[in-house]
Every structure is written in C-alpha cells, then in structure tokens.
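*Asks:* Sequence:
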Amino acid sequence: MSSSSHDIPTHSQQPRKSSATEVHGENAQNVVDLSELNGEDQALAQFGYKPVFKREFGFFATFSFAASISACFATITTTFSYPLYAGGAASAVWCWLISGFGCMCIAASVAELVSAYPTAGGLYFTVSRLAPPEWIPSISWITGWLNLIGQICGVASTEYGSASILLAAVSLGSNGRYTPTTNHTVGVQAALTVFHGFVNSLNTKWLAKITTSYIVFHMLSIVTCSIALLAMCPDRHDATYVFTNVTPDSGWSPKGFSFLFGFLSVSWTMTDYDATAHITEEIDEPEKKAPWAIFLAMALTYIVGWLFTIVLAFTMGEPTEILASELEQPVIQIFYNNLGRAGAITFAVCAFVILNSCAIAALHSLARTVFAFSRDRLIPGSRILKIVDKRTDTPIIAVWWSVFWCAAINLIALGSYEAVSAIFNVCAIAMDWSYCIPIICKLIYGKFQPGPWHMGKLSTAVNVYACVWTAFVSVIFLFPTYYPVTVDTMNWAIVVLAGIFVLSTLWWMISGRKFYIGPIAETQVTEGVMPEKEEEHMEKSALS
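Position 263 of the sequence shown, counting from 1, maps to 263 under UniProt numbering, and the rest follow consecutively.
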C-alpha cells in the first residue's frame, strides 16, 4: 500500500505490524516479512522500500567507490589551468587547502545524513524525514531534480574530459602530426559512454570487483608520477615561488578577486559526495560503511590532491608556456616537459584509466538514482525505469536511460563548446545545493535522528559552515573566469541554471504538484507469518 512519505516510520520507530486481513489481495505483493530479512534489508523495508539488490559491496569496495568519484589525479589533470589563470602557483596551492576544508565539511555533513537514512534515493530521501509534511513534496522535487541534473552533467563532463585526455595522448604519440578536434572528442566520449553503459549492465558482484581494483591503481599512479616529476625536473621552482607567487592571467582585478577562481578546480574534484549514498542498498552495513567510506575517501582526496598540486607547482616551469600548450592539457604538457614523450603518454594513459573508473562509478550512482527516483514517480517513464533485470539484479533500463542523456548533452559541443562548458559548470552547483537543502532542513526543523556515524557536538557548526561555504563558492562558479567578458569567455552557467529553475518550477506548477507527493512507501512490513502461509501454519499448529 502506497502512502505519502511523511507516513513512513523513521528508522528510530518500530515498524507497523500488518494483520493478515490488511495484506490480502492487491496489497499482498507489497508486504515484506521482516523475519525473512537480514538487518540491513529490515531497515530498508522500514523506510518503505522492498529490497531488490544484492549487497555485494564490503567496506574496501565501498571506500574505493567513494574515492573513484573524485579521481583526483585525473581531475587535477583536466582542471589545473583554472588556478593557474586565477593566480599562478600560490592560487593552486592555497585555494586547494582552503576550498578542500569547505568540501570536507560538506562531505562530513552528507556522511552524517547517509548514516541515518541509507537508501538509494540519497539525500533526496532524507528531506522526507527532515522537512514538515506540507513541504515534503515541493522540497523533495527541488532536491531530487537538482541532484539528478547535477549527476547527469557530472557524468557528461567526466566522459568529455576522459576523451580529451585520450586524444592528447594520441597527439603526443603522433609527434604532433595529429591534432584533436571537438568533433573527435565528442565521438570518442560517446563511444566511452556506451562502453561504460555495458560495464554497468553487469551484476553488482562484478561492479564491486571492478571498483575494488581502482584505488590501488590510483594511488600507485599519483605516487609514482609525483616521484618521477620531482626527480626528473631539470629546473624546479623554489618554495618561495610555489607558496607566495601570485601572477593572475585571468584579466580580473584586483588580484585578490582573481585569486578566488582557484577554488573552482577543487570544487570540481571534491564533489558528488552522495554518490556512495545511491549504492547503499548494495552495501553490507550501509549505515556504518557508507559514511565512513565517504568521509575517509574525501579526506584522502583532500590530502593527496593538495600534495600533488604542490608537486605540479614545483615542476611546472613557466605557467604561460604550459597554458599555451597545443595539447590543451597543461598538466600533460608538464609531464612532457619533465619526463619526455614516453613518460607523458604513460601518465596520460593512467589519468585516462582513472577517469574512466570515475565515469563507471558515477554512471553506476546515476543509474541507481534514476531507479530510486522512479520508484517514487519523480521521473517520467517511472514504471519502466524502476524495473530491475532478474538476470543481473541491476536496473539496466535506468543505466541506458542515463547513457543516452549523458552522451546527448555532449553533442552540444558540436555547435558550441561554451554552451556545453556552461552545462558542465552547473554540475557542482546543482549537486552541492541538493546536499545543502536537506542539511538546512536538519538545522531548522530539529527532526533529525542520528545514525551510527555522527559528529556529536560538532555537527551544527560543521553543517552551518558547509552551507555558508557552498553559498560563497556558488557565486564564484557563476562568474566568467576571464576578463573582459565576451561571447566566447562568458560563463553561461547562470543562464543554464536559471533555465533549469524556470522549467522545473513551471513543470511543478502545471503538473508536478498534481501527481507527486514525495518519496513513496511501496511496501508494508509485517513480523511473523505471511498471509499466503497462514493456513499452512495453522494446520501445523493444530497437529502439534
């Protein structure tokens, strides 16, 4: 029997016990007997959802999954140009340290919520437990669509960046005879997206195995690359240059304002914190393992990413020269200048493999998000999208729905790279605000019941800083990164974001509020004998 989300018992309440008469007929198929479920699935059933996935992710696989979302070696490779334009070496180093702290506060706040409400809906679901009943439909609608659009843009940008790195490696291998074009990049990203769709069509056991191998390869790549750069660089900068040199090339003044654009690289790397939340229905003991994986993976990214940024600052040479590289990838140019063609190709391929791992994990998370939102009827075509394939125990239709939209968005680059870049910029803004909305509800309404992982007395302060930081950095995200502003240098993200809000609001006013009531309880729970076994049970009792 379906009900509005505010009728679902919280994890701290006892499940409602259904009598045999309540569960006969149409409702019988939606009844879940708690006595037949393990602890994790019992908790999920109490949230109102029928367990459909196998829990194949242990802690190490979950941690590796959470770390793969950031893919700091590869994402720094694709975004290092932003702090260089913003203020040079000092911007790259100090913006990572400052922004990373803000990102850690968001990650800790997300981990706390995931521990309390471990469902595939992620923080979208938590709103139904934290907001007043009358506000649940509208706030859930906003949170859900922000998160979904942010994830789609995130996967699309990851696929595009992965294709760019691969083609840069090909260009290096051809000794410059081949020059990548936008058409080539779009074609390669489409092929990669389809390949990742096939990988995500495998069962959860194989996805867990693939994910587990990632973290080892990532750490080996970033450590060996750092050692090689420091050992082979013929003319390293000194510490004074690395930590104090501010040479903005963005055109903005004063220098302090230009310096702020260095935060962008960090925010694009340390985001999608709740990706792990969307696979909690595939994790053993998700209320403990998922939040620890999120927090520790982000802490690892924070520390390792900062150290790698410092290595790049020491070994990058003249910033204007690497920014003018024909490879259009400053970090790969740094590899080439210090390690030669073979070394540059080697680490470019490593970055490509790592970014592909990120894309696989992000698509996995997106598909589970589509599944979760579909069972709550948030997305058109929900009846089809929530189907789980019996052969693989994965939502294959949701996977390929995700593949289609991620590949389609990148087709915009054929007409205008500035337009598709603006869509990529929306990724971090949309996802970070989809986290802050439930965090704000937690702070305002006081309905939060902590799970096993929580911050205790630090919780409120960390939550507040996470929201303040998000508001601050969102403004920077909407500014053009170069001045003077032209059609080519304009940051169209604000236009895209405004369009999303206008269209989603209109859709809500015209149609959404008529059919959408927030997260739905698709099951009833009962303890003891299921109705179809009741007669057999009574006969055995009489005989005994």
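Source of the hints: derived by calculation from the structure; they are not laboratory data. Take the hints with a grain of salt, since some may be wrong.
[As the list claims (entries may be wrong)] The calculated lysine to any residue pairs, modelled on SDA-like cross-linking and capped at a C-alpha distance of 20 Å, are:
1. K54 <-> K205
2. K205 <-> G58
3. K514 <-> S504
4. K288 <-> G58
5. K390 <-> V52
6. K205 <-> I396
7. K255 <-> W94
8. K54 <-> K514
[As the list claims (entries may be wrong)] Here are the computed distance ranges between Cβ atoms for each label pair:
9. T505 <-> Y445: 33 to 43 Å
10. G251 <-> R383: 49 to 59 Å
11. P452 <-> F101: 34 to 44 Å
This structure is a prediction, so every number in the text was calculated from the model and none was measured. By construction, the Cβ of each residue, glycine as well, lies at the ideal position given by its N, Cα and C atoms.
*Asks:* If a hint holds in the structure, say so; if it doesn't, say that too.
*Replies:* Evaluation of the provided hints:
Under the criterion of a C-alpha separation no larger than 20 Å, the hint pairing K54 with K205 is consistent with the structure, at around 8 Å. A threshold of 20 Å between alpha carbons decides the hint, and for K205 with G58 the separation of about 11 Å falls inside it, so the pair holds. Between K514 and S504 the alpha-carbon distance is near 14 Å, which keeps this suggested pair within the 20 Å criterion. Distance hint between K288 and G58 is fulfilled; the C-alpha atoms sit about 11 Å from each other, no more than 20 Å.
At roughly 10 Å between alpha-carbon atoms, K390 and V52 fall within 20 Å of each other, so this suggested pair holds. Proximity of K205 to I396 is assessed by CA-CA distance (about 15 Å); at most 20 Å being required, the pair is judged to hold. Of the pairs offered as hints, the one joining K255 and W94 holds, with about 14 Å between alpha carbons and a cut-off of 20 Å not exceeded. For the proposed pair K54 and K514, the alpha carbon gap of about 35 Å is over 20 Å, so the pair is violated.
About 23 Å separates the C-beta atoms of T505 and Y445, a value inconsistent with the hinted range of 33 to 43 Å. The beta-carbon spacing between G251 and R383, approximately 52 Å, falls within the hinted interval of 49 to 59 Å. Range check, P452 to F101: Cβ separation about 25 Å, and the 34 to 44 Å hint is violated.
In terms of the numbered hints stated before, the structure departs from hints 8, 9, 11, listed from lowest to highest.
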